[in-house]
Each structure stands twice: as C-alpha cells, then as structure tokens.
Amino acid sequence: MTQPPPSKNFIFSEKIDSDYLFSLYADDLPYIEEVYSITLNHFDEDLEHIRQAWISGDITNLKRATHKMKPAMGFAGLTGIQQQCMEFEELCQKVPSIDRLKDTYHQLITTLAESKVLIGSEYERLKAHNANTPCP
Numbered sequence: 278m279t280q281p282p283p284s285k286n287f288i289f290s291e292k293i294d295s296d297y298l299f300s301l302y303a304d305d306l307p308y309i310e311e312v313y314s315i316t317l318n319h320f321d322e323d324l325e326h327i328r329q330a331w332i333s334g335d336i337t338n339l340k341r342a343t344h345k346m347k348p349a350m351g352f353a354g355l356t357g358i359q360q361q362c363m364e365f366e367e368l369c370q371k372v373p374s375i376d377r378l379k380d381t382y383h384q385l386i387t388t389l390a391e392s393k394v395l396i397g398s399e400y401e402r403l404k405a406h407n408a409n410t411p412c413p
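Just so you know, the sequence shown maps onto residues 278 to 413 in the numbering used here.
Honestly, the hints are just simulated from the structure, not real lab data. Computed from a prediction, not measured in an experiment: that's the story for all the values here. Any given hint could be a false lead.
Label pairs and their computed distance ranges (CB to CB) [unchecked claim]:
hint	residue 1	residue 2	range
1	V372	D305	38 to 44 Å
2	R341	D380	17 to 23 Å
3	E291	T387	15 to 21 Å
4	P373	S398	37 to 43 Å
5	D323	A405	21 to 27 Å
6	P373	S300	35 to 41 Å
7	N286	I332	41 to 47 Å
8	Q370	K404	36 to 42 Å
9	Q370	D296	27 to 33 Å
10	R402	E364	28 to 34 Å
11	D304	Q384	30 to 36 Å
12	D323	Q370	16 to 22 Å
13	T356	E311	15 to 21 Å
14	Q370	P307	35 to 41 Å
Derived lysine-lysine pairs resembling BS3-like cross-links, with alpha carbons at most 27 Å apart [to be verified]:
hint	residue 1	residue 2
15	K371	K347
16	K393	K340
17	K393	K292
18	K404	K292
Glycine included, every Cβ here is placed at the ideal spot set by N, Cα and C.
Just need the whole structure built from these sequences, with the hints factored in.
Right, here's the structure in full:
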C-alpha cells in the first residue's frame, strides 16, 4: 500500500490501509483520532459479545456480534480484518454446527485482539501528532 502525500506529514503503520482511510476522511487527522478513540471505547464490549456468543454456542448472536465489529475495523483502516470478519460472518450462516468454526473463531479472536493493540498505538501517535500540529 502506498501512502498518499498527507498534508500533515503523518504516516500510518503499514498494517493500516491508509489509502482507504484517506478516502474516507481526507487528511482530517483530528477526526481519524476521534474515530480511533470511539473504536477503542467500544472495542472490549464488542469483543466480549463475540466471546460470549461463542461460549454459549449461539451461532446467531456470534454472527450478529461479528457483524457489529466489522465496520469498526474498516473505519480504522483495517480492511483486511474487516474482510476477515465478513468471511467469518458468512461462515456462521453456512455451517451446521458452531464446532466447525473453532479454528476460524480462534484466528479471528487473535487477530481482533492484535488489532486493538495496533489501533491503540496509532491512536496515541495521532493524539501526540495532532497536539503538536497547529490548526490552519
């Protein structure tokens, strides 16, 4: 992924689809910071809903909880993880038993946990950058 020339000289982690981020928010880095903050504020609760649905064996709620998490990943520029959520959601509709989702579920949970760390790191970097960038 190539980085567009951001007017405020902020370079996102290569794990983030910055082209997609900038297509959503242009170069509004304070707004991206706010999106990251909101995502982090809801992340643990949303992830817990996925885990609880898995523990209870409720494939309908597992699909629903994953569906809720999916757009947050896209809004954060994690389009690969958004795609992974979509594929898992589709699998939930296709499998006859939740047991068939075990490996895919564990991969998704691991990926989501890693994404929280990445979003948190980028949020802190954005916050510091925005605090040191004068308003136009």
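Earlier hints that do not hold, by number: none
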